[in-house]
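Q: Given chain P's structure and the hints, the job is docking chain X with the ligand onto it.
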Amino acid sequence: MRLIAAMSGGVDSAVAAARAVEAGHEVIGVHLALSSNPQKYRSGARGCCTVEDSHDARRAADVVGIPFYIWDMAEEFHEGVVENFLSEYAAGRTPNPCLRCNEKIKFAAVLDRARAMGFDGVVTGHYATTKDGPMGKTLHRAIDNSKDQSYVLSVLTVEQIQGAIFPLGDTEKVDIRKEAAARGLSVANKPDSHDICFVPSGDNAGWLHDRLGSEVGPIVDQEGTIIGKHKGAYTYTIGQRKGLGLTVPTPDGSPRFVLKTQPKTNTVVVGAREDLAITKMYGENPVWCGPAVTSTPTQGFVQIRAHGQPLPCTYFYDGEKLIAHLESELLGLATGQAMVIYDDDRVVGSATVCETQA
Amino acid sequence: MAIYLDHAATTPMVDAAIAAMTAQMAQLGNPSSLHAPGRASRKAIEQARESLALHIGCVPSEIIFTASGTEANNTALKGLYWKGKSVGRNVIVISAIEHHAILDPAQWLAEHEGAEIVSIGVTSNGVLDFSQLEQLLKDRADEIAVISVMHSNNETGALQPITEIVALASAHSIPVHSDAVQSFKKVPLSFSTLGLTALSLSAHKIGGPLGIGILVLKRGLEIPALLHGGGQEREIRSGTLNAPAIVGCAAAADGDYPGEHVREMRNLLAQGIVHVIPDAYINGASETLPGIVNATFPGTESDTLLLLLDAQGIAASTGSACSAGVQRPSHVLLAMGHSDKSARSSLRFSLGSTTSTSDVTSVLNALPGVIERARAANLR
Ligand SMILES: Cc1ncc(COP(=O)(O)O)c(C=O)c1O
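Going line by line, the protein sequences match chains P and X. Here my numbering is used: the first residue of the first sequence is 1, the next is one more, and so on. Here my numbering is used: the first residue of the second sequence is 1, the next is one more, and so on.
Hint data in this document are derived by calculation from the structure and do not stem from the laboratory. Glycine included, each C-beta is placed from N, C-alpha and C at the ideal position. Treat the hints with caution; some may be incorrect.
To be verified - The following label-pair restraints were derived from C-beta to C-beta distances:
no., chain 1, residue 1, chain 2, residue 2, range
1, P, H194, X, Q107, 33 to 39 angstroms
2, X, G231, P, G65, 43 to 49 angstroms
3, P, E26, X, E222, 57 to 63 angstroms
4, P, D195, X, S286, 52 to 58 angstroms
5, X, E113, P, R241, 54 to 60 angstroms
6, P, G184, X, Q107, 36 to 42 angstroms
7, X, P298, P, R59, 32 to 38 angstroms
8, X, E113, P, S214, 39 to 45 angstroms
9, X, V274, P, Q162, 50 to 56 angstroms
10, P, R59, X, P12, 21 to 27 angstroms
11, P, D112, X, G231, 56 to 62 angstroms
12, X, A171, P, G65, 56 to 62 angstroms
13, P, A182, X, D310, 27 to 33 angstroms
Chain X extracted, bound-state conformation:
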């Protein structure tokens, strides 16, 4: 039986989401149409929006549906940057461990729109070095257009000090965006409590469908749009709303994430790894998502490990792959002080609601043989 330990990449859709989505697919009507079928679609979307708002801790009108977490990140970062730039602020502050869906738009803004990127480093545990940010704000607060720091990291699971960041930034009226794609439903998360300006979410990480994301954007705030057209979502995001995916997303958010169980499985795996492979070590902070174990296996190469694990029916992953599929050393691990080599010797196992004790045991049984082979194959 296949063992799926890549829930952070995407996790199985929950039955309720499949049912809600399937039913909605049979419903005729463009949600922007004024007639009865249109109103029916619109109603389903607005119910989903209201229900999602309760889970997110925001008001319904703060929810902007997008086609992915990536789009939510792009819309927030570019929009808030352009807004800041219009009043003479051109610095974008991000953390060194952001997902590519923040890193790359930031890079693009630097190359094409005159932005200056300041990347804040992390500690060896993968947590934002808060003192760096404090110092930066002391020196250059009035140049900063936006601060974007992820709520939790997708490779190590390390939770980031968002509350503290918002407190610091609000003293200077700097908007803060947070990519919470990995955190939603896994750890407590409330848009209003955090006091954020913007937040990004993605349905397929919580048991909803692929291709639907959410940008939560503070009420009343207007930012320039990326997609222009029908103006469906507050004029900030145009495009006919994807009603089936939206109701599927809401249904998934209604479900309960078995956080305690997942954390128990995670601890079992993390402790087991260092037990069966004595020189392996776990990367990351003490405060983490329940389901992520990032481990370094010295003397191996991650792509070899993935092939050997896959051959045994075990699906894990590494950091980022480039468009041609070549493994690159993870920028997250590098930022935590890893060498190129140790970063390339690391794997991410991400667990979810379906992960069982027997899954963990199977992985721990397979690991010694896999690591031995991978070490033999590491000829560099």
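The shape of chain P in the complex, shown without the other chains:
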């Protein structure tokens, strides 16, 4: 096959490209420039947006022995990922930008462009696997559970999965580093990027403050009584207990937790721990990674965080929303997060949480 390898400048994508070449594919390395001003989003050594990263990617391509290009995706990234991140927070939801980047950039803008140019697919260093079976090509978890990235890939359509190649899913991360060293890739020991790549130094709250302002607003209890003040509703996360600065104690002295944020009124609502508990979640804008979910309730698992636990559930699709009923209570789920459905290790699909119920 003729493939485009998306090379971030990190160890994973470098090894992925090398493996694709070894598998006999014709590979061209591409680094995505995600900021029109390369130092703008982040100035550290890690992440996906620095000049140093593009240099590392280029050197990896040299070692692997493939042509290398930089594709300017700054506009697409800003519109599809950064602006979405801000508007989601401004609307009181908690977005996952890596998921959006896979959905809008890596397996949309890049894959579409690659296909139009006569390439068959895109190789990335994600930890996930695909399998060819009776359902066609399906998306599955990686062998290395601690590194599994199938969650952030759950926005890929069947069509996109067709063009996605994940050469690392069958290997443990430690072995990838060893392999990189053995292949002479200088990024073998480069630290992983954990933070959001466009937020410098991982200061999410500060970054949001700078862009969304920090308007003081009320903290209220469930009855609507004002019991405190906050500095910008979006810096609070559901289930947060510390840092609320509340001086009015509860009658029984039990702690208070953030239940929700209401950006329209700039209000943070707090309540008791048990008020956080939910058993039902509803997701909008579903994407199916294989056969579509139907209205027939089905046993499976739902995962609500990139490296969270899969929670046993019954799921179905009512024609509008993806709905999951949990077997046991879950404490604290913010809207905006992705609910990803698994059938054993296969990714069934995902949707954006828009509502929860006790």
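A: Chain X with the ligand only, in chain P's frame:
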């Protein structure tokens, strides 16, 4: 076989230059040393200087060797600016289509040294709008420290009216510098005939080695230096002289540039492009360098074109790339009135002595498929 159509970026070294350079590398001696080995190195350099002076139309002492065309430009622009500023002139006049090796030092002088930059626009053909310059000199001649306009443009090949500029400027005693990096050996060029104050050249564009440039600076003129040290080149440029690169540069300049052949190939390519891609068009003036074709392919993006051409073994280029390697719309094409979009849909093919008819034919055969794919991939 690879087809190299990026001669304006750098062109193959000629055999004579490789031979001269290799021989010189074996020669011991710091050219500034007084002993026999030092004198031998010095002699080789001075012979090269004299020989180069004949090709440039200057006297040997007007040649200052630098480490690049970029350094020659920086030395000239900053030096002439500081000299002018010391007598109360702080305006730098440049054209809107200068290479970054002029644009960026000018910008730096504006940000750090109190310069005011006046950028003269160009016509849609990419030639300096002379009337703008005339008007400026009528209004503000006594504020101008230096005028710097390139001899020919590296992206379109358009030749600039240097003779006229010098005539206009000399009436007001304003020094004129010209970046002739792309013109040297390709079109007639004489420092003395042009009457310039300063001129920049670079060896690797004429079949010489990388990393050696020339600043031609009018005899007797002193400007502040950028590099201080041993004072080797008229106290204007310090650093032990790079004897092998200098003799390599001189050997390359001794060679004959097959201008007629290159122009013939260029015309073949330019006519072929608009024939095989009917809505493509060629950018630039009627008076151009022999070897540059700048073409716009509507509905494409240049970085896609480069990838697809490269995959077929064809090396071309665009305008400028930033340090991270991201393609930016060419400031030259923008100055000629292109939109952001059409500037991003343009490519430069630059031909040289090794370019053959079969190279041109191969490119013309590859183009329709490449353009079709690139249009399909242009999803914005
Ligand atoms: C017009 C022009 N000026 C200056 C330069 C820079 O010369 P050098 O590569 O020797 O620094 C170039 C080469 O890219 C050029 O085309």
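Q: Each hint needs a verdict: does it hold in this structure or not?
A: Cross-check of the supplied hints:
For H194 of chain P paired with Q107 of chain X, a C-beta distance near 38 angstroms keeps the hint of 33 to 39 angstroms intact. Here the CB-CB span from G231 of chain X to G65 of chain P is close to 47 angstroms, well matched to the stated 43 to 49 angstroms. Between E26 of chain P and E222 of chain X the Cβ separation comes to about 59 angstroms, which falls inside the hinted range of 57 to 63 angstroms. The hinted window of 52 to 58 angstroms between D195 of chain P and S286 of chain X holds, with their beta carbons roughly 56 angstroms apart.
Roughly 57 angstroms separates the CB atoms of E113 of chain X and R241 of chain P, a value that falls within the hinted 54 to 60 angstroms. G184 of chain P and Q107 of chain X have their C-beta atoms about 40 angstroms apart, which keeps the hinted 36 to 42 angstroms range intact. The given range of 32 to 38 angstroms is respected by P298 of chain X and R59 of chain P, whose C-beta atoms sit roughly 36 angstroms from each other. A hinted range of 39 to 45 angstroms for the beta carbons of E113 of chain X and S214 of chain P is consistent with their spacing of about 40 angstroms.
Between V274 of chain X and Q162 of chain P the beta carbon distance is about 39 angstroms. The supplied range of 50 to 56 angstroms is therefore violated. In this structure the supplied range 21 to 27 angstroms holds for R59 of chain P paired with P12 of chain X, their Cβ-Cβ distance being about 26 angstroms. Judged by the Cβ atoms, the range 56 to 62 angstroms given for D112 of chain P and G231 of chain X holds: they are separated by roughly 60 angstroms. Between A171 of chain X and G65 of chain P, the C-beta spacing of about 60 angstroms keeps the proposed range 56 to 62 angstroms intact.
With their beta carbons about 29 angstroms apart, A182 of chain P and D310 of chain X fall inside the hinted range of 27 to 33 angstroms.
Checked against the numbered hints above, the structure breaks only hint 9 and satisfies the rest.
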